[in-house]
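Chain A is fixed; fit chain B onto it per the hints.
For reference, the chains in residue letters:
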Amino acid sequence: MKKSFGKKLGLAMLTAVTAIGLAACGNSSSSSDSNKTSDGKQEITFWTFNDAHAKFWKEAATSWNKTHKQKIKLKANVLPFDQENQKLTVALNSGTGAPDMVDVELGQGAIQLKSDNPPYYPLNSALKPYMDVLVKSRLDNFKKNGNYYGLDYHVGTTVTYYNTEILEKAGVNYKDIKTWDDYVAAGKQVKAKTGKWMNEVESSALFQMDAMIAQQKSDYIKNNKATLTNEATVNALTELQNWIYKDKIARVAVGNSLDNDQFFAEMNKGNVASVTMPSWYMERMADHMPKLKGKIAIAPMPVFKDGDYRSAGGGGTGTMVTNQAANKKLTAKFVVWGKASKKQAVKIWEDLGFDPVRYDVWKEPVMKEDNKYTQYFGKDIFDTFVQLEDQVTSTTKTAKISPTLNDYLLKNTLPSTILKDKMTAKSALEKANEALNK
Amino acid sequence: MQSKRKIDWQKIAPYLFVSPFIISFLVFSLYPFINAIIMSFQQVNGFNDAKFIGFANYKQMFNDGDFYAALWNVVRYGFWTILILIPLPMLLAYLMNQKGIPFKGFFRSVYFVPVLTSSVVAGLIFKYAFSSEKTGVFNVWLSHIGVGPVDWLNSSGTAMFALVVIAVWRWLGVNMIYFLSGLQGISPELYESADMDGANGFQKFWYVTIPLLKPITIYVLTISIMAGFSLFNETYVYWGAQSPNNVGTTLVTLIYKAAFTNGNFGYSCTLGVALFVIVVVVNAIQTRAMGLFSDEG
Chain A
1 MKKSFGKKLG LAMLTAVTAI GLAACGNSSS SSDSNKTSDG KQEITFWTFN DAHAKFWKEA
61 ATSWNKTHKQ KIKLKANVLP FDQENQKLTV ALNSGTGAPD MVDVELGQGA IQLKSDNPPY
121 YPLNSALKPY MDVLVKSRLD NFKKNGNYYG LDYHVGTTVT YYNTEILEKA GVNYKDIKTW
181 DDYVAAGKQV KAKTGKWMNE VESSALFQMD AMIAQQKSDY IKNNKATLTN EATVNALTEL
241 QNWIYKDKIA RVAVGNSLDN DQFFAEMNKG NVASVTMPSW YMERMADHMP KLKGKIAIAP
301 MPVFKDGDYR SAGGGGTGTM VTNQAANKKL TAKFVVWGKA SKKQAVKIWE DLGFDPVRYD
361 VWKEPVMKED NKYTQYFGKD IFDTFVQLED QVTSTTKTAK ISPTLNDYLL KNTLPSTILK
421 DKMTAKSALE KANEALNK
Chain B
1 MQSKRKIDWQ KIAPYLFVSP FIISFLVFSL YPFINAIIMS FQQVNGFNDA KFIGFANYKQ
61 MFNDGDFYAA LWNVVRYGFW TILILIPLPM LLAYLMNQKG IPFKGFFRSV YFVPVLTSSV
121 VAGLIFKYAF SSEKTGVFNV WLSHIGVGPV DWLNSSGTAM FALVVIAVWR WLGVNMIYFL
181 SGLQGISPEL YESADMDGAN GFQKFWYVTI PLLKPITIYV LTISIMAGFS LFNETYVYWG
241 AQSPNNVGTT LVTLIYKAAF TNGNFGYSCT LGVALFVIVV VVNAIQTRAM GLFSDEG
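First to last, the sequence lines map onto chains A and B.
At position 213 of the first sequence (counting the first as 1) the number is 213 in our numbering, and the numbers step up by one without a gap.
At position 277 of the second sequence (counting the first as 1) the number is 277 in our numbering, and the numbers step up by one without a gap.
Looking at chain A on its own, in the form it has when it is part of the complex (with noise of 0.2 angstroms):
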């Protein structure tokens, strides 16, 4: 009897637990209606991939909750790169247990945009009382269908970067360089002098050629089709491949991108006079180069020509209002106001080191102020890039074929041109563009 009993309520127990978590599985994401605590502010939760995102918003939501009658309590989750965006993907496509706003790097969000009915709120309305101060390139690269998806943390004005101290004893003045042959010309008597290089190439990404593209006021995409074989492009890569091949005056970077630990630590040894990458680089310097301190002079980029731009926009990550918000209309505001009011925008600058979407504050005296970047790049880094405002413009990275254009070039394209030097730049990209227009 008692043995019987015994065995039952072991079966009860199984049960019991099977049951709890099988429900465990599907319920933590019925969360959706109205999710606010016991004490009537609105819970927000938020993904990233970025520390320091995290940090920057909890911070954004605590000053929120001084200014602001509905408050917010905001429940930050950093996920690795990847796994955020397959988690993000999955719930999205589902419809359930994706978070409330969401950081989505600029080639992610161009997969999630290619959807007539992307799974984002707009953010039109938050945005309008601070359209004039905003970066336009920077909005035009979440627009769809004229929403605007997503508001960027920077503008990622792109800048030349050079080490001071292997110029010096190059003899070179980095304020003469004014056009690539200028540059060029200097890398070779860098390369002779020091035995350094002017430059390393990317072959795995795609920052330099964009760059160059951009401030030619061209592009590779066009009504969703490639057009690689115009000019500009051409230039880009046919330059970047002489450095390498024809001047001599770089190699293949490390690592292939520059934006990687073994890139990091060569550029951190003096190896390489200089780098043209998005102000984001800054915080890669800053953090992964801390020989380079005080000998880093940042300057326009080089031209190819009379009226190119000397700049251009690079990267990027959005935050985002995704449609399974609880409460869209005030999570759309706290986005803009987290990034888009004054204070806030300095803050950008304060705690993450970029250049903020909010242009009208770089002018403002507090970004000369002590941090670690004014310590690291000297106080006038914003005296550079405010003459380039204007000037900051990106190739397309969220139409249709963005993703398929980029594979296509990473994979076949820079191997047999940057990597190898097997094709011309031309026929390299003219071989792209009847793959990719077939």
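Treat the hints loosely; a few may be bogus.
As the list claims (entries may be wrong) - Computed cross-link-like contacts, SDA-like style, restricted to lysine to any residue with a CA-CA straight-line distance of at most 25 angstroms:
#1 K246(A) <-> E133(B)
#2 K225(A) <-> Q60(B)
#3 K55(A) <-> E350(A)
Claimed, not checked - If you want the footprint, here are the derived chain B segments under chain A, 3+ residues with CB under 8 angstroms:
#4 96-104
#5 206-217
#6 236-245
Since the hints were derived computationally from the structure, they do not count as laboratory data.
Here a beta-carbon is modelled for each residue, glycine too, at the ideal position from N, C-alpha and C.
Only chain B this time, still in chain A's reference frame:
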């Protein structure tokens, strides 16, 4: 009338005990599997927007150069890993099983440790070791014989080498354990009688050990083939989703890329179905060839 239909717990209990597995299998394996087959015939346009397009995805796959490159990569990878990862662990296990070998326990654990590390962490370490720089571990070794530096991860042959090295490092110990357990199941009398027949060490290994290890060998071969076809983590750590001229593209890379880089879930499922069919066919051929289902089996 005895039948006051009492619940017969004796009979129900086993089903209850396996129910957690059965239910989670149905929900998390069978349902997605069937759904993937359905989706492989669809064009999935982003979100809640799918339409049936017949065999278009399959047509795209057969015209996709990347698909054949990936298939060729995993076949080569499978070939090399099997060529190394069956004889070598078998030999090691044989040695580990001999009497009088010192520090057996120590060596067994040393060989086994790599599999406990995460494949991503291991991949990162090997990525740096295979650096194109003169200071990369493998280039330093090569420099002693006056070769290099080699740009390991950017050309096809050396890239495959880098993948096989990490696989051997990682799986040697596991396969050794499998063979070791097989060896311990071989009765010592067989060796004794071989001794009486005057067999030498090699003959004993060749005529007694290898035939009796056949079931284990088949098992190891099967999982090696499956592991080869599902290769992904290591290549993703080495190159990400795009490798130069597809030197590191595998079928799973393509599945991943179709879904998460290009947002093309239908095509991604098509590739998944293709991978499934390929693995089933290869395993069927292999088991048939090894005589697993024959009467002697």
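Broken hints, by number
Structure breaks hints 4 and 5.
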